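If you read the sequences in order, they're chains A and B.
The numbering used here numbers the first residue of the first sequence as 447 and each following residue consecutively.
The numbering used here numbers the first residue of the second sequence as 447 and each following residue consecutively.
Note that these hints are calculated values from the structure, not bench results.
Heads up, some of the hints might be wrong.
Intra- or inter-copy, both count: the list cannot distinguish identical chains.
As the list claims (entries may be wrong) - In silico DSSO-like pairs for lysine-lysine, Cα to Cα no more than 27 Å straight-line:
| hint | residue 1 | residue 2 |
| --- | --- | --- |
| 1 | LYS1070 | LYS1044 |
| 2 | LYS651 | LYS690 |
| 3 | LYS1107 | LYS1070 |
| 4 | LYS957 | LYS805 |
| 5 | LYS790 | LYS989 |
| 6 | LYS1115 | LYS1044 |
| 7 | LYS1086 | LYS713 |
| 8 | LYS713 | LYS805 |
Being a predicted model, the structure only gives us computed values, none of them experimental.
Number of protein chains: 2
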Amino acid sequence: MSQYTDIDRLAVSTIRLLAVDQVSAANSGHPGAPLGLAPAAHVIWKQMRLNPKNPEWINRDRFVLSNGHACALLYSLLHLFGYDMSIEDLKHFRHLGSKTPGHPEFELPGVEVTTGPLGQGISNAVGMAIAQANFAATYNKPDYELSDSYTYVFLGDGCLQEGVSSEASSLAGHLRLKNLIAFYDDNQITIDGNINVSFDEDVSKRYEAYGWEVLHVENGNDDLDAISKALEQAKLSDRPTLIKLTTTIGFGSLNAGSHSVHGAPLKADDVKQLKVKFGFNPEESFVVPQEVYDLYNKSTIEPGIEANKQWDALLDAYVGQFPELGAEVKRRLAGEFPEGWESKLPTYTPEDSAVASRKLSEIVLDNVFDTLPELLGGSADLTPSNLTRSKGAVDFQPPITGLGDYSGRYIRYGVREHGMGAIMNGISAFGANYRPYGGTFLNFVSYASGAVRLSALSGHPVIWVATHDSIGLGEDGPTHQPIETLAHFRAIPNLQVWRPADGNEVTAAYKVALTNKHTPAIIALSRQNLPQLQGSSVEKAVKGGYILQDVDQPDLAIVSTGSEVGIAVEAAKVLAEKNIKARIVSLPDFHSFGQQSKEYQLSVFPDGVPILSVEVLATSGWSKYAHQSFGLDRFGASGKGPAVYEKFEFTPQGIATRAEKTVEFYKGKQVISPLNTAF
Amino acid sequence: MSQYTDIDRLAVSTIRLLAVDQVSAANSGHPGAPLGLAPAAHVIWKQMRLNPKNPEWINRDRFVLSNGHACALLYSLLHLFGYDMSIEDLKHFRHLGSKTPGHPEFELPGVEVTTGPLGQGISNAVGMAIAQANFAATYNKPDYELSDSYTYVFLGDGCLQEGVSSEASSLAGHLRLKNLIAFYDDNQITIDGNINVSFDEDVSKRYEAYGWEVLHVENGNDDLDAISKALEQAKLSDRPTLIKLTTTIGFGSLNAGSHSVHGAPLKADDVKQLKVKFGFNPEESFVVPQEVYDLYNKSTIEPGIEANKQWDALLDAYVGQFPELGAEVKRRLAGEFPEGWESKLPTYTPEDSAVASRKLSEIVLDNVFDTLPELLGGSADLTPSNLTRSKGAVDFQPPITGLGDYSGRYIRYGVREHGMGAIMNGISAFGANYRPYGGTFLNFVSYASGAVRLSALSGHPVIWVATHDSIGLGEDGPTHQPIETLAHFRAIPNLQVWRPADGNEVTAAYKVALTNKHTPAIIALSRQNLPQLQGSSVEKAVKGGYILQDVDQPDLAIVSTGSEVGIAVEAAKVLAEKNIKARIVSLPDFHSFGQQSKEYQLSVFPDGVPILSVEVLATSGWSKYAHQSFGLDRFGASGKGPAVYEKFEFTPQGIATRAEKTVEFYKGKQVISPLNTAF
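Start from the sequences, fold in the hints, and give me the full structure.
Next up, the structure:
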């Protein structure tokens, strides 16, 4: 006998029609997928552990809509399941300033991650599942199961075609993340028409190859029992599960099964016949029968609120039983670092030896790794180059492999930069103050552009340990030497882009990156050794930019970053011999500097002083802070690092020559600070 | 009985040792993969159709080293097979300015594509296979088989982990590209150690799921016959083939099978024992026994040169038999467009109606598609949005699907932007003047950053039709609205980044992009309608920037792009009412403008005139041409396009206000053109 009755079917129809009404009201949006996916949504959400009054509850189940364009479905669910989402909000679907934007946005209660760019959501979900497994392995104790939640995902063909989902899914299979259950909306339709124009692979077989459990629900349009049965079976698996759900896009619509229902509102007539078909009044919109509210209230909301209460009590008992761990959990849930953690950060003096900044980064990570259990690090298969693995770290691995366990905090991401970026976003979105970091070469952070952008947009404070940050990497040549990379990332809003010049600046970069709760950071680090600079300090560098070395009445300021700062210091000596007085400014992070007071910024770059920037990367973007720029607006070259620097004249003499020309150029001219702008 | 003898084994050892000697001489590089892959390289290259004296021969077989770090192997092969690569060149491996850089570079004879960034090579190879299939289907006639070449690929675990290779491989399976044969170096090692730390999926099963033929050679280290047998079997398949080749990384070395031989030179002792093991003098380096030269000369080089001769004769006969097609082939091989093709390009006057620039792009493509058979277009599943499919185009599809055929010139890429980018590079690298273009939303070109960068670095003139180019796309919201995107791409050397303002500028963008043989282009196009502007013309717009509307003695210049140019024109009217005289400059492409004479550039942006830039994207990079910038240095918002423009004040009044402040700011100040620089 079915566990589902007419009231369940009414609920499914309600979800469907609420979604259709939103799209019609906006005259914009995607009605097709919600119509096909409502039954699965009903089955999943009805049994989910959630508390709409406390959407941040750490032991909630999570639901990720990887096909984010189907957001009218998600908003309908949020309304029906008691979240802060009114019928009025639904009526303002896709309106400017509404709580129902065109794709789900992370800051809305009940929205677990921002989705829309395809392939990201499923990859975020892998990150959430990793975080849950780590949290559980770290804190659960017999009789104190603090964490046992699931992550559910909806994804469509588009998500499956994107490489980022392939990367993340392959890793999820390796990691045997049994807390991850994904529903693949097998509706055979994409924007270009029938999926067979571009995609006839055997998805189930591919996911089996990744090591996933794969199930199939043949009638996703109607068969609630089959969906429920698959869900129960998935929970029994010791692996992540993909449930292939064969559905009809736009189910019930006159154009059901065609791509015309994918991304455009249904015609008025169509909406009417749909309502009649589902037993609703065709003249009414945004209708929720009281029985449906009652159903979900009883099935899900009340039990969820109760479960949250019991969990709170469990946590209190846990704190009593395991005071140290309990305090740590409470601290992490409050989003605070342990008191005095910064004392672990190293500082340097000019007497200390020259060290590659990737190595300096390793020292920071080594020093704080034990103090900050929320650090969950890794590398995209460049561990010995990125130096991202803290001494004594345990790998995050399924215990069965014998290579580590789930309490381990070092992830072997494989050569999967984009997947790593999206997974880090998911780890961060899980909560519990998780701070993911991941290593690769700076040039290959670009492979993950799609995920980096979403970190910034959503405010996930993930950290990229981006080593080999210039032509200084040498022989690997132009395919590996970043040129445009920092210009690209500096143009992304809400993103720190650090390029520290020495030990103190590396410490500053991590200090700011870790302290900030809503801004991701890319830390660009050198392969080659860098001297510890006279004039640098953590206190100054956390400002993002500061006067490293000064002179009375400078003839010019040379502003630089990373490996070129030390060369600029040498250039100042060459200039001094010619009686040209140069102020040296180090500007390790534009974003942090931009947050300082105008007064402070002007003290660094005042009117009257010509400014020359020096950075061995594209000059684009530098005129925000400089009048003249010495950079590399061409691709690099393969050769020994110092030889390549020499070739492009990034030497004390090469800088001094350009500085001289800069001084000459501005002689007798009025020099306005680039910080003084018209509006 | 084996077809291979001692001389073959000597040749394999020679390849191995030449690679090891290169890495040792450079004291930098990757000896491991060449040692494992030399036997397969020997078997493949020995039977390849190639002419080292004419590396551009269109009917050559192609070899792509997707694991580009193994380039010492490729350079050894190029030397042994008679290409312009001397022993002296090998001795300068990884030296600045040498012909043997740290990763293979496209411009070197015999190097088919630039590789190194993992996952790209195999995806490029898919593009080459597409181009070959198209070329053959278009021009082959009974008894005139102009094109029947294969593309061979080496790839490693790293390439297989990258999402871009998943995208391209899935599409290759769908397209049934039987001319593509890939050898997967199953050596179980990556930089992080044993592959099982991150990658235990069943690769063979995955490729079967994609629709590939999958074969396995169990002993890739020694078993030349098994390799050869697999190769022959692959040629019989009607699908692309993946040959899993189990090898030992660093075969023969004391550390064979460990990751220590992956990316660092072998120790001197190790090299010596290796030479002894292979029967070479341990005290000598860069040794090639004459028998090995003789072997390859006889097996491959002489037959290849002869085959090229016969092919030349075949083409001559073809021209006689099929004069029109023959002339077309000759024209394409010469890399020239048909005389007068530009006459098909549309022009507009201000009386023509306002049209979205994506639609204007469609008109251009429609107009030239039949004239230019080298155009091979497509979209990443956004055909109805990108408007990339010319009327009457046939889809490039395996005939068996009934959806098109191989002579079709429209590719359904699926939601695979990165794969599309890499495939386009491969299509271009195939030769025959192929001009691939691909559509997606501008924001999602970023997913393909890794491939875009390689287009620019290698000089593949691919075209991105990048629609929905700003917040003007409206309701889809900030996940789809580009902000940093143009700043990113403008910072890449050798890349045109067009953002045309009207019909004439769209024509200019295509004209320049198509005419240029070594520079890729991104053409950013609006979703919303744009007016045909007074003052625009194709002749002016091809310069990349020009004065659209002028006044006598301007108080300021407003420079803008795309959809904002029309608004700036309206702003000028608002300003005129306040007696502020504004010159309006349209700057559709920084790259083309930068190639004009300094004199011309200064005529647009002279000293003495303050310049305000207006573009509804990140301001970063604009100070190259402007003193003040009005842009959007934050993420966008979901809402109707016009409402979002209003919100951010990109209106005539919003621009006029900032223009007024700009004029005010510079009153009494000396204004130097940003084009006048110190060096």
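Hints numbered earlier in the text: which of these fail when held up against the supplied structure? Result: no hint breaks.
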